[in-house]
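Undergrad: Work out the full structure: start from the sequences and follow the hints.
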Amino acid sequence: MEVRPIDDDRLLETFVELADTLTDDFDVIDFMHLLVDRCVELLDVDAAGLLLADQNGRLRLIANSDEQVRLLELFQLQSDQGPCLDAFRTGTRVSHPDLAVAGGRWPRFAAAAVDGGFAAVDALPMRLRGEVIGALNLFRTNAGELTDKALRTATALADVATVGLLQERAIRNQEIVTEQLQTALNSRIVIEQAKGLIAERLGIDMGGAFAALRGYARSRNLKLSEVARAVVAGTTGTHDLLGTPALTNRSKM
Amino acid sequence: MIENHRQRLHALLAVNGDHSIGALTRICSVAVLELQVDGAGVTLVSRAGTAQAQQRLVHASDPVAARLEDLQLTVGEGPGLTAVTSGAPVLVPDLAAARARWPAFCPDAQHIGAAALFAFPLTLGAIALGSLDCHRTTPGPLSPDHVACGLLLAEMAFEALLAEVAGRAPDDVGWISDIHAEVHQATGVVSYQLGISVQAALLRIRAYAYVHELAVAVVARRIVDRSLLLDTEN
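Going down the list, the protein sequences come from chains H and A. Take the first sequence: its letter number 69 is residue 69 in my numbering, and every next letter is one higher. Throughout, my numbering is defined as the position within the second sequence, counted from one, plus 253.
In case anyone wonders, no lab produced these hints; they're calculated from the structure. Please note that a few of the clues may not be correct.
[Stated by the list, open to error] Sample of chain A residues with no beta-carbon within 10 angstroms of chain H, all distances over it, derived:
#, residue
1, 275
2, 282
3, 289
4, 319
5, 320
6, 352
7, 423
[Said to hold, decoys possible] Distance ranges between label pairs, derived from CB positions:
#, chain 1, residue 1, chain 2, residue 2, range
8, A, 471, H, 25, 33 to 41 angstroms
9, A, 360, H, 222, 35 to 43 angstroms
10, A, 396, H, 17, 33 to 41 angstroms
11, A, 390, H, 174, 17 to 25 angstroms
Where a beta carbon is used, it is the ideal one built from N, C-alpha and C, also for glycine.
TA: Shown next as structure tokens:
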């Protein structure tokens with residue numbers, strides 16, 4: 001199998017962007033989307049998702065590269081079992097190069113992953129010193145190990161993103177970090193509510209609705225959660241989203 | 254661990270007074286005990302974040318909590334109102350240091366006798382019902398465990414408020430924190446279909462689940478895959 005080389009210029013650019021968390025309008029959701037999108041773009045992986053632990057220690061999906069329903073289910077399952085949960089609990093990388101034979105460890109997860117067309121998975125803890133705040137999940141449709149370089153790159157990306165988030169914590173304080181994380185968790189719900197509204201209004205699937213939302217936010221340099229809120233409040237009409245290029249490129253469901 | 258926490262809080266709520274006392278009253282009492290604060294109050298807000306915002310004090314555990322809620326209502330600002338609009342808890346370990354954020358609220362709140370205030374939103378995405386505000390008469394932060402507990406109690410208060418209006422569905426306990434996204438997507442779908450707010454849409458989904466004795470998640474999934482269409486009647 002041919003391995004795609006890593007675009008070093010783009011990688012460097014990504015590191016610079018991930019290190020830039022001290023801006024006034026820093027947004028956890030947009031930041032995490034940057035991380036998962038670049039993982040898929042730069043590494044030899046087919047889908048990526050990021051789960052962060054909430055105040056009660058439960059893993060919750062914050063960002064995903066792809067809206068495929070079966071993939072979302074895989075992220076969601078991992079609040080119960082799966083490589084992300086293991087990586088989060090142990091603080092170490094958890095990889096499985098061939099999910100077809102992973103049944104014993106995470107039976108429900110492995111079955112759902114294979115069913116969704118995935119053959120291999122890697123989960124990297126979001127960790128700085130003793131603190132683990134979540135995990136990055138990488139899926140591939142072909143079985144086999146990630147290359148060393150890809151693994152090291154993914155680890156470096158996850159580390160830089162974690163430092164970015166925790167640096168906030170050092171500079172501001174614990175209260176602000178809690179508020180920020182909970183805001184992100186609640187924003188994720190607003191995004192889901194907006195997706196439902198857009199999907200029904202435009203007669204498209206949830207993946208298409210997300211693409212429209214995101215295309216609109218990107219083309220106008222707005223935060224995803226702000227656009228979602230405006231859609232739910234009715235101040236951004238769903239017809240406004242129609243002109244976005246992303247909508248013509250509907251994601252699979 | 255989370256489930257143990259939740260079960261313990263539910264048990265505490267069950268023993269804390271009989272059911273003739275409202276759920277919110279019991280939640281405030283449990284908050285005072287569990288978060289080791291001096292008082293707690295719940296204020297409901299409608300049309301949060303707009304010029305037509307209206308607040309209604311629902312319960313306060315003591316006179317200081319009642320006066321704090323009144324104060325937010327009078328000056329139109331405060332940690333509770335910020336929590337409602339942001340959808341995240343607002344943790345203020347020292348009100349004296351927060352005057353820049355709420356210039357009208359903080360001095361009077363201190364005068365009333367509060368030194369720290371921790372506000373937990375009763376929200377679910379864009380649906381904002383109000384806040385659970387807990388105060389201390391001495392400054393100092395809440396421990397992470399207490400913050401976790403406050404968030405759970407706020408979830409329970411949200412559930413209790415919906416149950417009051419739309420009845421109790423079979424999976425009522427803890428469904429809000431269900432990580433599956435369908436219930437939120439279904440809320441958006443129904444909101445558009447019936448031309449109603451997301452809050453009203455969630456109540457409709459809940460009421461349907463209650464009447465048909467189905468779990469909220471099951472009803473939501475059917476709405477999202479378009480095998481169930483709620484009409485204006487049911």
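Undergrad: For each hint given before, does the structure comply? Return the numbers of the non-compliant ones in rising order.
TA: When the structure is compared with the hints, none of them turns out to be violated.
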